[in-house]
Every structure is written in C-alpha cells, then in structure tokens.
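Chemist: Since each chain sits alone in its own frame, please combine them into the complex, following the hints.
Line by line, the protein sequences give chains Y and Z. Going left to right, the first sequence walks through residues 1 to 181 as the numbering used here numbers them. Going left to right, the second sequence walks through residues 1 to 639 as the numbering used here numbers them.
I should point out that these hints are in silico values taken from the structure, not numbers from a laboratory. Note that the structure is predicted; figures quoted are calculated from it, not measured. For glycine and all other residues, C-beta sits at the position ideal for the given N, C-alpha and C. One thing to keep in mind: the hints can contain errors.
Said to hold, decoys possible - Using 16 Å as the maximum straight-line C-alpha spacing, the simulated EDC-like pairs for lysine to aspartate or glutamate come out as follows: (1) Y:78 <-> Z:233; (2) Y:77 <-> Z:233; (3) Z:16 <-> Z:30; (4) Y:32 <-> Y:165; (5) Y:98 <-> Y:67; (6) Z:29 <-> Z:14; (7) Y:6 <-> Z:108.
Claimed, not checked - Far from chain Y by the CB rule (all over 10 Å, computed), these chain Z residues: (8) 160; (9) 161; (10) 562; (11) 618.
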Amino acid sequence: MKPFSKKAFIAVVIAQALVLCFMIGKRVFILKTGTKVLLQCEPVDPRSLFSGDYVILNYKISSLSGDLFIDKADSLKKNDTVFVALGKDKEGKFWEAKAASSDRDALNKKDYPVVIRGTVKDPIFLGINIRYGVESYFVPQYEGLEIERELSQASVEISIAGSGESGISRLFLDDREVNFY
Amino acid sequence: MPNNTSFLKILQTETKRWISEGIISSEQKDKILELYPAEAAAGSEKKKKNVHLPAIIIGMAAVLLCVGIILFYAANWKNMPPVVKIVQVFILLFSTYGAAYYFLAVNEGHRALGRAFLMIGMVAFGAGITLTAQIFHISAHPTNGVLAWALGVLIMSWVARERWGYYLAMVLLFVWNSWEFAQYGNPNYIFILFIIVLFATFYNSKDKVGSVFMFFMFMLWFYQVNGYWFNKEIFGTDFEVAGPVFAFLHIPFGVVLVGLGMLGDKNKTLEATCKIMRVFGWIFIFGPLVGFSWPLDLETNYLTFNKESIPFTIEYIVLIAMAGGTLILLAKKNIKIVLLAAITAFSLVMLVLPMGHKSTLMITTHLGLLALMFGMLYSSYITAEDNEIERVMGFVFFVMLISLKGVGFFSMGIASASGNFYIAYCLGFIIFATVCFLINQVLGILVGREEKEFPVIIINAVCAIMGFLIIYALSFKLENQNSVFNAQAIVLVMLFLFLFMALGLYLYLWTISPEKLILSLSAIVFFCSAFVLFISGPSISWVIYSLIFNILLFVFIGVLIYYSTRVNSKALANLAIAAFMIHITTRYFDVFWDLLSGAALFLITGALGLAGGWLLEKNRRKLLQRIADSEQHITKGSE
Numbered sequence: 001m002k003p004f005s006k007k008a009f010i011a012v013v014i015a016q017a018l019v020l021c022f023m024i025g026k027r028v029f030i031l032k033t034g035t036k037v038l039l040q041c042e043p044v045d046p047r048s049l050f051s052g053d054y055v056i057l058n059y060k061i062s063s064l065s066g067d068l069f070i071d072k073a074d075s076l077k078k079n080d081t082v083f084v085a086l087g088k089d090k091e092g093k094f095w096e097a098k099a100a101s102s103d104r105d106a107l108n109k110k111d112y113p114v115v116i117r118g119t120v121k122d123p124i125f126l127g128i129n130i131r132y133g134v135e136s137y138f139v140p141q142y143e144g145l146e147i148e149r150e151l152s153q154a155s156v157e158i159s160i161a162g163s164g165e166s167g168i169s170r171l172f173l174d175d176r177e178v179n180f181y
Numbered sequence: 001m002p003n004n005t006s007f008l009k010i011l012q013t014e015t016k017r018w019i020s021e022g023i024i025s026s027e028q029k030d031k032i033l034e035l036y037p038a039e040a041a042a043g044s045e046k047k048k049k050n051v052h053l054p055a056i057i058i059g060m061a062a063v064l065l066c067v068g069i070i071l072f073y074a075a076n077w078k079n080m081p082p083v084v085k086i087v088q089v090f091i092l093l094f095s096t097y098g099a100a101y102y103f104l105a106v107n108e109g110h111r112a113l114g115r116a117f118l119m120i121g122m123v124a125f126g127a128g129i130t131l132t133a134q135i136f137h138i139s140a141h142p143t144n145g146v147l148a149w150a151l152g153v154l155i156m157s158w159v160a161r162e163r164w165g166y167y168l169a170m171v172l173l174f175v176w177n178s179w180e181f182a183q184y185g186n187p188n189y190i191f192i193l194f195i196i197v198l199f200a201t202f203y204n205s206k207d208k209v210g211s212v213f214m215f216f217m218f219m220l221w222f223y224q225v226n227g228y229w230f231n232k233e234i235f236g237t238d239f240e241v242a243g244p245v246f247a248f249l250h251i252p253f254g255v256v257l258v259g260l261g262m263l264g265d266k267n268k269t270l271e272a273t274c275k276i277m278r279v280f281g282w283i284f285i286f287g288p289l290v291g292f293s294w295p296l297d298l299e300t301n302y303l304t305f306n307k308e309s310i311p312f313t314i315e316y317i318v319l320i321a322m323a324g325g326t327l328i329l330l331a332k333k334n335i336k337i338v339l340l341a342a343i344t345a346f347s348l349v350m351l352v353l354p355m356g357h358k359s360t361l362m363i364t365t366h367l368g369l370l371a372l373m374f375g376m377l378y379s380s381y382i383t384a385e386d387n388e389i390e391r392v393m394g395f396v397f398f399v400m401l402i403s404l405k406g407v408g409f410f411s412m413g414i415a416s417a418s419g420n421f422y423i424a425y426c427l428g429f430i431i432f433a434t435v436c437f438l439i440n441q442v443l444g445i446l447v448g449r450e451e452k453e454f455p456v457i458i459i460n461a462v463c464a465i466m467g468f469l470i471i472y473a474l475s476f477k478l479e480n481q482n483s484v485f486n487a488q489a490i491v492l493v494m495l496f497l498f499l500f501m502a503l504g505l506y507l508y509l510w511t512i513s514p515e516k517l518i519l520s521l522s523a524i525v526f527f528c529s530a531f532v533l534f535i536s537g538p539s540i541s542w543v544i545y546s547l548i549f550n551i552l553l554f555v556f557i558g559v560l561i562y563y564s565t566r567v568n569s570k571a572l573a574n575l576a577i578a579a580f581m582i583h584i585t586t587r588y589f590d591v592f593w594d595l596l597s598g599a600a601l602f603l604i605t606g607a608l609g610l611a612g613g614w615l616l617e618k619n620r621r622k623l624l625q626r627i628a629d630s631e632q633h634i635t636k637g638s639e
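The following block holds chain Z by itself, in its conformation from the complex (with noise of 0.2 Å):
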C-alpha cells in the first residue's frame, strides 16, 4: 500500500469528480477511501503539528508592541524635550533591527523571535517618520511620508524574505494611494508597478492569499484610474457618453480575466487568485449586457469613437487587443476558446455599432445574452476541462436573466402610459420566457447526445414560475389597454424578433426532440399568449381579458400537473398544487369582496376552506402517491 499524504488528498478530490460523472458511487468512493487509514491518520497529525503555540503568543505580542509603540508617540507626551524622542526612535529602530538580526542570521533557534523584532522594527522606522512630523509641525503632503514607510518596509521585507512584511507593506501603500486619490484626486498611474511587485513576491513565495490580495488591488486601482478620466476639466469626458462605453469595455476586460483565469488555474499559488478571476470575469461579461438590454435613452447614437468618450474608446480597443492576444495564449495550451473568441468577435461589433441608438442596443443585447447563456452551458458541459465554474454562473446568469426580465416587463407594464401597454408587456415577457425555455431544452438534447445529463429541471422551473407569475398578474381586472401595434417601434422589433425566434426553434426541436410532450405543453401557452398579445387592443372588454386570462392560467396549472405525472415529479406537482390554490384563492376574494359583508365572507371562507383544503390534500397525496408507485414500478422493472 503507499504510504503518501498527498496521494490521499489527489485522491480525495478525484473520487468526487468520479461521482459527478457517474463512474462510482458515494458508497464505492467511502470503500476506496477507507483503504488508506494510516494516510488519513498521518494527515491530520501533520495538521495537528502545524498549530505552534509560542510562535502565536510572539505574534500577538509583536502586534500588541508595534499598537504601543504608535500609540505613544501619538500621545506626544509633554515634558518629553523633541531630542529625546529623536534619540529614542534611532535606539528602537537599531535595536529591534539589531535583535532581529541576531536571532535570524546569527543564532538561527530563535526565528518567530527574529521575524517579531523585523516587524517591530519595521513599525519603528514608520513611527520615526510620523515622530519627525510631529516634532516639526510637517503637514505638507504627509502621504510622502506613507510612501517612504512603505518602501522601507517592502525592501526589507524582500531583503529579509519576510512574508508579514509584504502584507504589512501591502497596506501602507494602499493607504498611500487610497489618500493620494481622496485627498489630492491624484490617480496614481504608478500604483501599477507596486502591485506588480508585490505581486511577484508573493508569487515566488507561493503566498495564494497575497496573489488574491493584489488581484482586489489591481481592481482597485483599475476602477481609480478609470474614475479619473470621468474628469470633464482634464479630459472632456461626458458621464452620459462615456458611462456606457465604460460598462461595454467590461466585456473584453472580462474575457481577459477568464483567459488569464483559466491560463494559471493549474499553478497552486494562483490557484485562488485564477477562480476569482474567472467569476469576476464572467460577471464583466454578463452584467453590461443585462444592465443595457432595456429601453434606455441614451444621449447619443454614436458612444464609441465619440469626443466626450476618447479615453474609454481608446481603452476597449486596447482591451480588445489584449482579449486577442489571451485567446492566442490559450489556442498555444490547447484550451478551447470558441467561446471566448465568440464574446472577443461580439464586443469588436459592439465597439463599432451605434450602440446609443434604442433598436441596436436592445437587439444586440438580447441577442448577445441568449447566445451568451446557451454557449456557457454548452461549452461548460461539452469541453473536457474543468468548467465547474462556468456551469454554475451559466445556471446563475440564466435564472438571474429570466427573473429579472420577469420583474423588469412587469414594472414596464405598469409604468407605461398609465399602464396601458400592460398586457403588451407581460405577455412579452411569456414570449422571451418561452425562447429561455427553449435553448434550455436545445441544451438538453445536444448536451445529452455526448452522453452527458444536462439538468434541463432548473431553467424548466424557473420559466415556469415566472410564467405562472406573470399570467397571474394578468388575471386582475385590466381596462384602457392599448394595442401592441400603437408601441414604440422597438417593442414590435423586440416582439417578432422573440416570435420568430421561438418558431424557429419550435420547429428545430420538433425534428430532433425524442420528447413532443413539453413542446406540445409550452406550445398551447405560447400561441394563446401571442394570439391574446394581437389581438388586445381598447376594443376588447376588461371581462373578455379576464375570462381569457384566467382560462390562460388554469391551462398553464393544468399543463404542469399533467406533466408532472409524466416525469414523476413530486417537486413540480406541489408547486403546480400551490399555483393553482393561490389561483383559487385570490378569485374567491375577488368575487366576493364586494358581494358579502365583513363576517359573513371570512366565516364562509373559513368553512369553504377546511372542506376545500381536506379535499385538496386527499387528491394531493393520491396524486402524489401515483407518482411514488410509478417510480417504484421503474425501479422494479429496470432490476
């Protein structure tokens, strides 16, 4: 048997990758584990050794020294003559340094000791430097007097190797800079080189918290400097020009970040640092594209190459330069980069397109964030690497994209006209819902013809309860509603555009779907809903809009109850149950309100609801136990 540590922990993570792709099972990967105690043992007693009670205890008193010593020379005390005090921080710092250097280069035993008075010292040098501009009253850019304590503390920390100098370092130059730019607005271009130093120690000292530390850094000083050039004074820049150009250049800023992510990920110091890129990468990607894709009125048609924009324009066109050159870097490793070079293509049309003008911006965006959704969950399924992290911002971006589109068309409705495009609206959003449904179910089927389960559930039930939600709303009285064909132009773009799409689709996945059932199911929601969306107009009675909508909803409650008895779903059936008893619900009181008195409606109701809700539940649990009994009839019948 091996006796290796470190061959348990490769082997612990890789049992859970085997699980996830269905080669062995939860119980089997406990069989293989338990093969191996004396690694597991040994692994926690390395553990165990690693936790070094004095070197602890000298830290917190090197921390609780070095508060002191600020502390006490911040007091100022009186009495105490300016030579004094001088004279005493020359003894500290020589001091400490003095001990430092004994304990780390001459008698070698002691080294927590060495590194505490190397910290101490290094607190020391900062406290002569604030000590001097006490004594002399110096107020004149104090930050020089940060920046010189930083560079102090970052040379001896490199000389001394010294890891807690780095962080302590770290700190002093961010409170230099972060003051420099708050106080004297100075973007402080060269912050750059200090991260890139900071970065390369920590680099070669395998440090992953510092690497991730000077990633937040390097974002930090990425949104300073592009802040500045907000400055109308310095660089003719308009908010409303360049705010937009700004959000766009995210997206092959973004694409760099998950090249670079997905470039260092195999390196353990960067290991950390590459994940965060990668998410933070994506959410460059997708957060322009969903923040942009509604009926925005921007100040202009032409964002890019625009004079109140110059600095921004300039930058996305390096920005892209950069994605391209990541992508090549990629292609080099053999890492996959269709995607990416498919989102690099789509922000180089971006930059050129009149992206201030409502119809371009709208379609654009669309069409960007359903492609954008459909290639992250293909490709993260598809590619052999590892894509944990794609998948589930895939699934994140998905359901974030259809609930805030849900919430976003509903407040449109209501906030158009009075409300007046109030269907408009909401049976737009079923249209764009059903094209979500659809890719989900594309997904499915290319996804499950290489052998692998796309969960096709989670996109399935989001759209649905969004759905539900949406005809709902539609099941109120609704009166003054215009005709889809009196809305801006962009909305019928908008509209047809969705409609072809899902035909298009509808008749794609008719041919290659070995499963008509939820397309025929999705389909009668569909076409009533864009047939209601044609036909609403001021002509129509608020009675006929309720009847059909209401007619609508039991259909939709109907659909789902039936198709889940066709997947056995306990989940879905529950949920379908629930829609239909809010549905119930809220007619009941919308009948009745007016009909009958206080008492006499909540007494009723009461009776009607222990009779109805008795009868509910019996037809529930048989329903459900239908479903239970089909599920073991499977089990059986695959044994």
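In isolation and in its complexed conformation, chain Y is listed as follows (with noise of 0.2 Å):
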C-alpha cells in the first residue's frame, strides 16, 4: 500500500479540530451576544442514543394562529423557514408571539426587535407547528424523568441572534435555575 501524505494527515487532524471550535465558538457567541429571552413550556422525556438523556420542550410559541401571520398562512408547507417577532406579555415577564412571516424583512426592526427563526413543522388548520432548534434540552443520564416529576412550571431563557438563530442558555424549575454542574 502506498504511504499516505504526512502532511494532508495533519492538515485533516486539524481541520476536524477547528469544526469543533467553530461549531462551539458560533454557540458561545449567540449565546453571548443574542438577546435574552425568556420563554413559557411543558416537556416531556425521551432518549437519544448517541445525546443522551434529553428533555423536550414544547413552548407557547411552538403553534401558532393563522392570524398572526403578515403574509398567507395557509400557503406554508413543512419545511418551511418562518420568523416569529417576540415580545413581552401583560405580565412582562414571558415573551410570547406579536406577529409571525416567511419573510424577513416584513417585520422590520422597529416595529419587531425581537425575531427568532424557525421552520413549519406541521401547517394544520387550528394551529401551525412550529421548531426552533431549542426543543431539546440535554440531561445527565436518569435526571431527566426526575426533572419531569418535579416540574409544575417551567421556563426557558433562549438567546436570539440578529439572524434569528437561537440557543437554550438557562432552564428554570419553578423560577429556580437548575443547574448540574
């Protein structure tokens, strides 16, 4: 067999490592600099194989009414990108849905601060289900049912971007904020 280059091995060694570094740098960095939201929702548990132990979250803002939408509602199907413009509720402590499009410059940036994107998942006629990447929280191993079984309210503060990508930064139990580590 012939030997391989010792230099493209290297080359590729390194590349692997810096996708790690970016996909933990792009995280860090939403997570740093994106809009702190907090969020109303209700999980339930299953389990990941390669994960593991994960809770998934279902919020307010997963379905929405038709009649939030700017644009025609009834012309998306699944897969399709939407941005969803947030703001505070009577209460002001949650954020919930203001009005909702498939394009993103229908929402400008003074009406709409707070836009965060997410893809149809099922477009049914009471309500259009929609996920935004942040449905997924991740436990250690068992912990997950525990949290369920505790759980009478819970909430979620999510990180907005200027794109409308979003992550998880904190879960709360009860307004307290559960932390494993």
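Modeler: See the structure below:
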C-alpha cells in the first residue's frame, strides 16, 4: 500500500479540530451577544442514542394561529422557514409571539426588534407548529424523568442572534435555575 | 510441473466448466487436479497464514473503545463541567490521531495498532460533535452533525487509505440520508455524489464488498428519489397513473443494469457487484411484465405523456436512452446484444402505447413475457459468453410464470361472478400452458441443433403438474357455467390469441421435430380442452362436465404414464401414479360420502385402500422395473 501524505494527515486533524472549535465558538457567540428572552414551556422525556437523556421542550410559541401571520399562512408547507417576532406578555415576564412571516423583511426592526427563526413542522388547520431548534435540553442520564416529576412550571431562557438563530442558555423550574455542574 | 497456486485456482474453475460442457467427466477432473498436490497444499497454507490473531484482537479492542467513548459522553456525567468535557474531547482527538500518525507514518512496525488508533480518532471526532450539541442543547437539524462527522471520516480515510474508515463513512452517510428523508422529507439528490465518491474509493482499493454495498446504496437512493416524486402537492403526480409508469420504467432500467453487469463482470473487483446487477436487472425486466399481465382497471388509457406522471415519463425516456447507450458499449466489446436490444425496443413500444387500455396491457405483457422466456433461454444456451445467470433465471422465471398464471386463472375463475366463468378461466390456463409447453419444445430443438443439451424436462414437468391440478380442480361438480362467449371482450381476444399461437406452434413443430409422440399426446389434451371451452354454457348439465373432465383427467394421467415408459423416466412414472391415486381417492369420497354412513365409509375405505395399495404398488414396481430394464438394454446396446 502506498504511504499516505503526512502533511495531508495533519491538515485533516487540524481541520476536524477547527470544525469543533467553530461549532463551539458560534454557540458561545450567540449565547453571549444574543437578546435574552424567557419562554414558558411544557416538557416530555425521550432518549437520544448518541446525545443521552434529553427533555423535549414545547413552548407556547411552538404553535401559532394563522392570524398572527402578516402574509398568507395557508400557503405554508412543511420545512418552510418562518420568522416570529417576540414581545413581552401582559405580566411582562414571559415573551410571546406578536407577529410572524415567511419573509424576514416583512417584520421591520423598529416594530419588531426581537425575531426568532423557525421551521414549519406541521401546517395544520387550527395552528401552525413551528420548530426553533431549542426544543431539546440535554440532561445527565436518568435526570430527565426526575425533572419532569418535580415540574409544575418550566421556563427557558434563550438567546436570539440578529439572524434569528437561537440557543438555550438556561432552564428554570419554578423560577429556580437548573444546574448539573 | 508448474508451481503456482493461481494456476490451480484457474484450473479448478475451468474443469467445472469442462464438465458442464461434456468435455471431461468428474472422475477425469479429479485425476487432473491430483497432478498438482503441492499447489493445493500451498493454497491451504496461504489461507492459514492469513488469519492474524493479534490484528483481530486489536480490531475488537478498537470497536469496544469506540462504543465506550460514545456511551461515556452519551451518559452526560453529572458534576463534570462542560469545559472539562470539551478539553477531554480535544485531548482524545489529538492523542488518538497522534498515536495513529506515529504507528502508521513514523514507526511502521505496528500497522494494526495505528489503524485502530485512527478509527478511535474518527469516532472521537464524532463524539466531539455530539458532545458540543449536548452541551449547548443544539437540536436544530441534527442531521448536519452526522454529515459533518461523515465528511470528516471520509476525508481522513481517503488521506490515510483506511478501508474501515470508508465503511464507517458509508454507515454515517446512510444514517444521514435516511434521517434526512424520514424526518425532513428531503429527497437528498446530492447523496448520489457521495455514492459515486465512495464507489470510486472502494474500486481503487479493490474492495469487492464495498462495491456491492455501493450498489445497494444506489438502489436505496433510486427508490427514495422516485418515492419523493410521488408527492402530489409538489409534482402533481397521481399514484394511480404514475404508479404503472414507474413499474414499466424498470424494464429499460433492467436493461441498463444487465448491460453494465455484463460490461464489468470480467473485472475482479466488480465481479460480485456485476453479478448482483444482472440478477436485479432481469428481475426488473420480468417483474413489471408479470405484475401487469392481469385484467386490471387502470385509471386512464394513456399513462405516459400524462400530466399526472410527468417526472416518471421523463425518467422512462432517459432510461431508454441509457439502455441504448449501454447497448452501444456492449456492441463495441463484441458482446451479443440481440435480446437486450429487443427488450429496449419493446420498452420503447410500451412507452407510446396506451398501456392503460386493458386489451393493450394484456396482449403486450403476455407477448412480452413469452418472448422474454424464449429469448432468455435461447440466448443463454446459444451464446458463447458466461450466461449461467440468464440460464438459471430464465428457468426460474418460466416456472414462476406458469405457476402464477395457474394460480391466478384459478382464482379469477372462482371470483368471476360467483364462479360462472370458472371453466373458461381454467381451460384458458390449459391453452396458455400448452403454448408455454410448445415454446419449450421449440427451445429443445433449436438448442439441440447447436449440439447442446436443453433440459426440456423442467418446463414439461411444470406444465404437466399445473395442467393436472387445473383439470383436477375442474373434475368436481360445476353448475351455472356461463359460455365463454359471454365473457369480456379481452378474455376472448386473449383466448383466440393463444389458440392461434398454439396451433401455429404445433404446425411448426410438426415439421421440424423428430419426436412426434409428445406433440401428439399434448395435442389430445389441448384439443379436448379447447373443445370443452367452446361448448360450455348454461345448457350443459354438471353431469356432462363431470364426465368430460374426469375422462380428461384419466386421459391426461394415461398420457403421462405412457410417456414415462417411452422416455424411461421413473420420476414421471411415480408422479403419474401419484396423480392417479389422488384422482381415484377424490372420486371415491365424492361418490360414497353421501351414500354410506360415517363408520361404514371409513371401514370399507380402509379395506379397499389396503387391497388397492398392494395392487398399485405391485404394478408400480413392474412399471419401474420395465423402465430400469429398458435403460440397461439401452446402455448395453451403446457399449
């Protein structure tokens, strides 16, 4: 067998390390510089083979009425990208959906400064189900069920970047932050 | 004497072929191979030396370590801060790749260890990706993580020329593709690029197993993309219109697979893949024809060039063009393409005909099937190339065709308007089976002219068994039978088509066949069946049917027994006698079930059975002895 190129080998190792650094760096950037919003949620516990135990988080903004959409909601199909403008609710604690559109530019920054990006999961008649990429919270093994048992009201603080991309920064149970480390 | 284990391998393969062509006997083959004991011993020694225990242990240890790493991070240990976990992964990544580099490039004496560390390094990269997702709770489009992992593994495997890395990349890409399609409904057109890249790497590294896997991955992608095209919302396709088109396009696709298989099967790396392609190809040609050769009510007459099947019509045309291209490549290599060219032309005809129209569908598919059976078997015996696959599959398809038609016609007869066309369907099968039988005789004669032996017994036996079963099924009480002339037009069209085909074949065979006996005997059954088919109707009493079919059954069995003595076939004689027993037993119970009480029936039956069985066994032995004596007489005569 021909000997392999040593330089190429080293280059690939470095590239793989850089990929990991990029993933970590991008997430840290969103969490550090993004707008913090608090969302109310309801969890269910499954298990991921590679990533371990995690809690599925479902938010109030996960299902939107078609009326909230500035443009036509009935033309939406599965996997379409949508943008949801968030604002604080009446109590001023949690954030809720104020408007939505499949076009980012339709939600002007002046009226809607905080916009989260999501993907249509299910465009059903009574509500449009949307996934934002913040629906999983990874917990140590066997801790998921325990959290669910203790739970009366969960809320999640997410960080939203200017592009609409978001990440989970903290999980609260009855206003207490959940921390495993 | 040559001292060469590869020479012995070639000799072992070639001597098998010489035996099948009648050049040498099996005893002569053993004598030839006994001349090279040293090569045989060296070959087995080499095989023993290839088992390397330390490498196996290292490989297993690597697998265990990989699984352990995945499970360790999946457990998401409490009290281990994320920063610690991230640092651990980078340490693991650099240390394993570093060790791999050392053992593969610096100190090359422990290659197995180096490869093991390389695999662990690749898994560590994947663990890093999943760990990052876990720490930051990333769940948006998780398939991207699998893709990144797969690409990292693929590139590293290519650089390090690591075969097991390619397999890992293949598994990861398969997971990525399946997940994308299942969760996001993504057809993943781009997956074909990865298949091509992986195939090229397996081919370059002479990996036969990898090449085979790539074929199956390609087939998965093919059905995935086509499945996506059935999406009515996106493509406007209607399954009832597009479904048959998708089935028919398998015919030119089959030609492409068979052709490419023939082109590549001399290549050692691609040999297994090409054989599999040929098998799939022939199944794709045969399958749609037999699947649609039934009186189906399709949505519309014109299935192709229909707005509800556009993507599949385009695909059909592309595949015909590809089939044409494949034929050109085959012709350039002087490989005979008559059969494949005929199939390609046939698929082109199917493209433009109104295949949704019942008569067109039935006539086209049936003629196509019979031509295919003849073509496959004839070309597999006549051409010089290695056509073992076509030969075996030809017989398998022919047997399947006759059996399926028998079961199908019988079922349709029962289902037809409360069984009113039961006789029509069953006798219709007899006529179809006669055509198959006659095609088989033609093959026997034409192949025999090339001084090769064609085993006519196979299809003859299937026709005989199915024929017996159908006539047996007809020998029961039949009432309220409708005349065949009241059936749908297509039924009459098909009946007359096969009748004329059978008559034409009989005339042809009568002029060319030296063996008139079997023709005459089969003609008795054929003409009797045709006669009953056309006279049957509501005016005929069930008693008449019963008499006719029971006599026909006796005639059929008698024909089989007589023929078994003429061809000295013990198997056929035993089969005929078994058929006779089944018939007699059935008729006995038919007649006496109502006449005698339960106990009397069984007592008398038992006594009769003992006596009858003894008589029959005595006569069977006499018959078999006569056959055996006749065989001995022939053997002594030839000596």
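Chemist: So, for every hint listed, does it hold in this structure?
Modeler: Verification of the hints:
1. Y:78 <-> Z:233: Judged against 16 Å, a Cα distance of about 11 Å means the pair holds.
2. Y:77 <-> Z:233: At roughly 10 Å apart (the allowed maximum being 16 Å), residue 233 (chain Z) and residue 77 (chain Y) satisfy the hint.
3. Z:16 <-> Z:30: Within the cut-off at roughly 11 Å; holds.
4. Y:32 <-> Y:165: holds (13 Å)
5. Y:98 <-> Y:67: holds (10 Å)
6. Z:29 <-> Z:14: With a Cα-Cα distance of about 10 Å, the restraint between residue 29 (chain Z) and residue 14 (chain Z) holds, given a limit of 16 Å.
7. Y:6 <-> Z:108: This hinted pair holds, its Cα atoms lying about 13 Å apart.
8. 160: violated (5 Å)
9. 161: Non-interface label fails for residue 161 (chain Z): nearest chain Y Cβ at 6 Å, not farther than 10 Å.
10. 562: Holds, because the least Cβ-Cβ distance between residue 562 (chain Z) and chain Y comes to about 69 Å, which exceeds 10 Å.
11. 618: holds (71 Å)
The structure is inconsistent with the numbered hints 8, 9, although it conforms to all the rest.
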